[in-house]
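Can you make the complete structure from the sequences, with help from the hints?
Protein chains in written order, with my numbering: chain A, 1 to 111; chain B, 1 to 114.
Hints listed in this document are in silico derivations from the structure and should not be mistaken for laboratory results.
These figures come from a predicted structure and were not determined experimentally.
Careful: at least some of the hints might be erroneous.
Said to hold, decoys possible - Pairs of lysine-lysine, BS3-like flavour, derived with a Cα cap of 30 angstroms:
(1) B/Lys11 x A/Lys42
(2) A/Lys106 x A/Lys42
(3) A/Lys2 x A/Lys42
(4) B/Lys53 x A/Lys106
What the hints assert, rightly or not - Stretches of chain B that chain A covers, calculated by requiring three or more beta carbons in the stretch to come under 8 angstroms of a beta carbon on chain A:
(5) 38-48
(6) 105-111
What the hints assert, rightly or not - Pulled from the structure, derived: some chain B residues nowhere near chain A, Cβ distances all over 10 angstroms:
(7) Thr17
(8) Asp62
(9) Arg68
(10) Asp73
(11) Thr77
(12) Leu78
(13) Gln85
(14) Asn101
Heads up, the beta-carbon is just placed ideally off N, CA and C, and yes, glycines get one too.
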Amino acid sequence: RKEVEQDPGPFNVPEGATVAFNCTYSNSASQSFFWYRQDCRKEPKLLMSVYSSGNEDGRFTAQLNRASQYISLLIRDSKLSDSATYLCVVNILGGYQKVTFGIGTKLQVIP
Amino acid sequence: DAGITQSPRHKVTETGTPVTLRCHQTENHRYMYWYRQDPGHGLRLIHYSYGVKDTDKGEVSDGYSVSRSKTEDFLLTLESATSSQTSVYFCAISAGTGGYNEQFFGPGTRLTVL
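In structure tokens, the structure reads:
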């Protein structure tokens, strides 16, 4: 089983739609979680950290479910500019802050 | 944006030649990382550094070496490039001071080994 699993998609959604991605992780010792956004041929950029109580940033909401070992990202009112690949990242805290990346979920928002 | 640069941004080289990629940061962060990204794979850690002259291997370190003689610079060397090392290479940095310790990425280097 992969340490971090994501559905690669693509998810094709119309503008204005709500879309949700899940990401499962295998190591119950995982301590911190992130969502990154990666545009085509660009570097990953931090979208948001995922806190135990869940957190929201504008149209984006992240949730953590430790019991089932998954995190989720909800995007409301999708914009064309949201089209990108969304990477799930899990950090098992250690001396060097090792993180594991999911393969990413591709989102295409359609006019 | 975090102050991270990578050089070169693009490189084409031939099998068997040595290649060195440079990552430079202006954030004075302790941790630096080299990743490669290939289709069908997530970002995979090659090597990382937790301080000047302190480095260790990641999951795909074979064929690569690194050096960190200054806080701001982290070099990745392919001693004898092979076609399987054709990839996009990303450098990342992290403060590592506790808490969530997000990583921030450089713009990447596209390497083609012919």
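So, going through the hints one by one against the coordinates:
1. A distance of roughly 16 angstroms separates the Cα atoms of B/Lys11 and A/Lys42; the hinted pair therefore holds under the 30 angstroms criterion.
2. Restraint check for A/Lys106 and A/Lys42: the C-alpha separation of about 14 angstroms stays at or below 30 angstroms, so the hint holds.
3. Simply put, A/Lys2 and A/Lys42 have alpha-carbon atoms about 25 angstroms apart, close enough for the 30 angstroms limit, and the pair holds.
4. Between B/Lys53 and A/Lys106 the alpha-carbon distance is near 38 angstroms, which puts this suggested pair outside the 30 angstroms criterion.
5. Coverage of the stretch 38-48 of chain B by chain A holds [criterion: at least 3 residues with CB-CB distance below 8 angstroms; count 7].
6. Counting residues of the stretch 105-111 of chain B whose beta carbon lies closer than 8 angstroms to any beta carbon of chain A gives 4, which reaches the threshold of three, so the coverage claim holds.
7. In this structure B/Thr17 is separated from chain A by more than 10 angstroms, as the shortest Cβ-Cβ distance comes to about 25 angstroms.
8. Every beta carbon of chain A lies more than 10 angstroms from that of B/Asp62, the smallest distance being close to 18 angstroms; the non-interface claim holds.
9. With 10 angstroms as the threshold on Cβ separation, the claim that B/Arg68 sits away from chain A holds: the shortest Cβ distance comes to roughly 13 angstroms.
10. Residue placement check: B/Asp73 keeps its beta carbon more than 10 angstroms from all beta carbons of chain A (closest about 18 angstroms).
11. Against chain A, the non-interface label of B/Thr77 holds: every CB pair exceeds 10 angstroms, the least being about 20 angstroms.
12. Listed as outside the interface, B/Leu78 is consistent with that label: its C-beta sits roughly 20 angstroms from the nearest C-beta of chain A, beyond the 10 angstroms cut-off.
13. The beta carbon of B/Gln85 is kept farther than 10 angstroms from every beta carbon of chain A, the shortest such distance being approximately 19 angstroms.
14. Distance check on B/Asn101: its Cβ comes as close as 5 angstroms (rounded) to a Cβ of chain A, failing to clear the 10 angstroms threshold; non-interface status is violated.
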